[in-house]
Amino acid sequence: MKCQYCEKPATFHITELTEPNGPKVMHLCEEHARNFLQKEATSPVASVAGALAKQLQLGQTKAELEELDQKECPVCGISFFEFRNTGRLGCPYDYSFFESDLIPLLTNIHDATEHVGKRPRRLAASADSQARMIQLRREMEEAVELEDYERASEIRDELKRMESDLNQPAPEETANGNEDEANSPEGEDQS
Amino acid sequence: MNQETDFNALARNSGEWLRGTGPESDIVISSRIRLARNLADFPFIRRCSDEDRDSIERTVRARMEAIEDWNDIRYIDIEELSEIDRQFLVERQLISREIADADGSRAVAMDPGEQYSVMINEEDHLRIQVMQSGLDLDAAWARIDSLDDQLEGSILYAFHEKYGYLTACPTNVGTGLRVSVMLHLPALVITRQIEKVFRSMQRINVTVRGLYGEGSQYSGDFYQVSNQVTLGHSEKALLSLVGDEVVPQIIQYERKARAFLVEQNQQDLHDDVSRALGILSTAKKISSEETMHYLSKVRMGVNLGLIDDVELATINKLFIHTQPAHLQKLHGRMLGSSDRNVQRASYLQRHLHGEQGEGEFN
Chain F
1 MKCQYCEKPA
11 TFHITELTEP
21 NGPKVMHLCE
31 EHARNFLQKE
41 ATSPVASVAG
51 ALAKQLQLGQ
61 TKAELEELDQ
71 KECPVCGISF
81 FEFRNTGRLG
91 CPYDYSFFES
101 DLIPLLTNIH
111 DATEHVGKRP
121 RRLAASADSQ
131 ARMIQLRREM
141 EEAVELEDYE
151 RASEIRDELK
161 RMESDLNQPA
171 PEETANGNED
181 EANSPEGEDQ
191 S
Chain Z
1 MNQETDFNAL
11 ARNSGEWLRG
21 TGPESDIVIS
31 SRIRLARNLA
41 DFPFIRRCSD
51 EDRDSIERTV
61 RARMEAIEDW
71 NDIRYIDIEE
81 LSEIDRQFLV
91 ERQLISREIA
101 DADGSRAVAM
111 DPGEQYSVMI
121 NEEDHLRIQV
131 MQSGLDLDAA
141 WARIDSLDDQ
151 LEGSILYAFH
161 EKYGYLTACP
171 TNVGTGLRVS
181 VMLHLPALVI
191 TRQIEKVFRS
201 MQRINVTVRG
211 LYGEGSQYSG
221 DFYQVSNQVT
231 LGHSEKALLS
241 LVGDEVVPQI
251 IQYERKARAF
261 LVEQNQQDLH
271 DDVSRALGIL
281 STAKKISSEE
291 TMHYLSKVRM
301 GVNLGLIDDV
311 ELATINKLFI
321 HTQPAHLQKL
331 HGRMLGSSDR
341 NVQRASYLQR
351 HLHGEQGEGE
361 FN
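Chains as they are written, first to last, in full-length UniProt numbering: chain F, 1 to 191; chain Z, 1 to 362.
Hint data in this document are derived by calculation from the structure and do not stem from the laboratory.
Every value quoted in this text rests on a predicted model; they were computed, and no experiment measured them.
Not one of these hints is a red herring.
Listed below are the simulated DSS-like cross-link pairs for lysine-lysine, each with C-alpha atoms no more than 27 angstroms apart in a straight line:
1) Z:K162 / Z:K236
2) Z:K162 / F:K71
3) Z:K285 / F:K8
Restraint-style ranges between C-beta atoms, simulated for each label pair:
4) F:V25 / Z:K162: 34 to 42 angstroms
5) F:Y149 / Z:K162: 35 to 43 angstroms
6) Z:M334 / F:D128: 46 to 54 angstroms
Every residue, glycine too, gets a C-beta built ideally from N, C-alpha and C.
Build the full structure now, drawing on both the sequences and the hints.
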């Protein structure tokens with residue numbers, strides 16, 4: 001028997017036991033088997049695609065879908081179309097920007113829409129300030145490319161300031177130019 | 001530090017998680033937990049520029065090096081590795097196939113005992129993983145939780161009040177946690193009950209995957225059980241689902257099936273596992289599939305007390321060390337598939353013979 005992906009003999013016969021339509025048997029050569037087995041337990045692309053397909057059957061019309069596909073995140077520039085095809089988002093802000101489109105998807109995948117469990121001990125940045133930091137970083141790279149080092153260093157300072165503000169367990173006005181953003185101790189006296 | 005020397009040393013040893021000593025280690029090979037994390041101030045990997053990737057790697061590395069508890073960490077630049085060294089780390093389960101095959105800045109940091117590793121610039125900026133021998137999810141969780149806390153002390157994670165830890169793929173969002181327990185279930189395969197067992201578990205939010213499924217001539221009889229969802233359940237609840245509900249039940253079925261086999265026909269079973277050991281320790285050429293198949297039988301034989309002069313840790317180690325990149329590292333050069341079969345046979349022979357009478361090897 002030949003491998004189902006190439007001409008080599010199939011020496012591995014793998015059974016996926018949790019496919020929705022019952023067990024699926026695959027016949028693979030050593031190399032393809034290794035690639036296949038070393039992927040994550042659940043193939044994210046497949047499950048995103050599956051969940052999206054289900055979701056699209058439920059609601060949207062073709063015109064609505066086309067419109068949605070063109071929607072682009074202002075921070076990372078990813079379109080919904082690209083997300084749909086790759087199963088991967090472009091930046092943390094996508095969860096806010098595409099929120100209403102993602103909720104049905106999350107429901108489909110997880111049967112839930114709200115996180116329960118661990119949270120970072122220090123203050124999490126708001127979605128907006130996370131987006132702002134990503135934008136600033138991009139601007140900084142552009143400034144460096146244009147050899148506008150003054151502008152680049154201004155942006156770097158602003159980024160540092162934002163990050164160091166977030167390093168505090170609670171918001172507190174500290175002097176600008178706080179240097180120790182990497183080693184800020186976990187404050188215990190305020191939360 | 002010289003990466004080459006490092007790798008050769010690594011190839012001769014094996015990870016702590018293979019030592020075959022944790023709870024239920026006759027059936028459970030290993031417990032693995034991984035957490036997906038992203039930095040708040042960078043786009044996800046797909047949208048990262050080369051500068052972004054470099055910058056993430058540098059930032060994370062500097063911050064890991066500043067963590068005092070992590071002094072003995074080994075940091076490996078995957079971009080600089082040869083194909084075979086990448087494959088070696090994949091076989092070793094220290095990195096994913098995905099990060100091995102990717103392009104651009106990417107790295108892995110690991111402890112000398114190979115109990116944890118942190119992949120940088122995989123599908124998410126950070127993939128933290130902890131491996132533990134046997135079924136020991138509480139220990140694995142305590143460890144990964146603390147690693148995560150230490151990283152979070154100096155790295156700002158992408159986190160959303162409602163959706164939790166944000167990940168590139170929505171299938172990981174929330175806890176970002178995937179727990180995978182690797183099980184060895186030869187008796188359920190022999191008694192043809194395996195599909196029935198897993199079918200009964202399909203509706204309870206776990207993914208089960210047969211690594212070398214029945215119906216194949218050569219089978220290692222390994223199955224991996226993982227949580228399917230990551231959002232809407234706490235880490236503890238997800239661990240408990242896999243570790244307290246699903247896996248113990250499978251273990252119980254496997255034990256029953258083993259007892260049944262022993263009771264039904266101990267002589268046949270004894271003959272079968274002894275022949276398997278015979279082939280492994282005398283063959284002159286052997287493929288990796290055949291090796292898996294016979295090692296699986298020998299492993300069961302050891303666990304049932306039918307083979308008493310081979311250590312479980314040896315068998316666990318042989319599963320990993322007879323894979324292609326390991327053989328080539330041990331041999332010190334590239335080998336074609338037919339040369340590998342010869343080397344594999346000789347490696348097995350050395351280790352299985354050395355074992356008899358001595359009980360220990362390295």
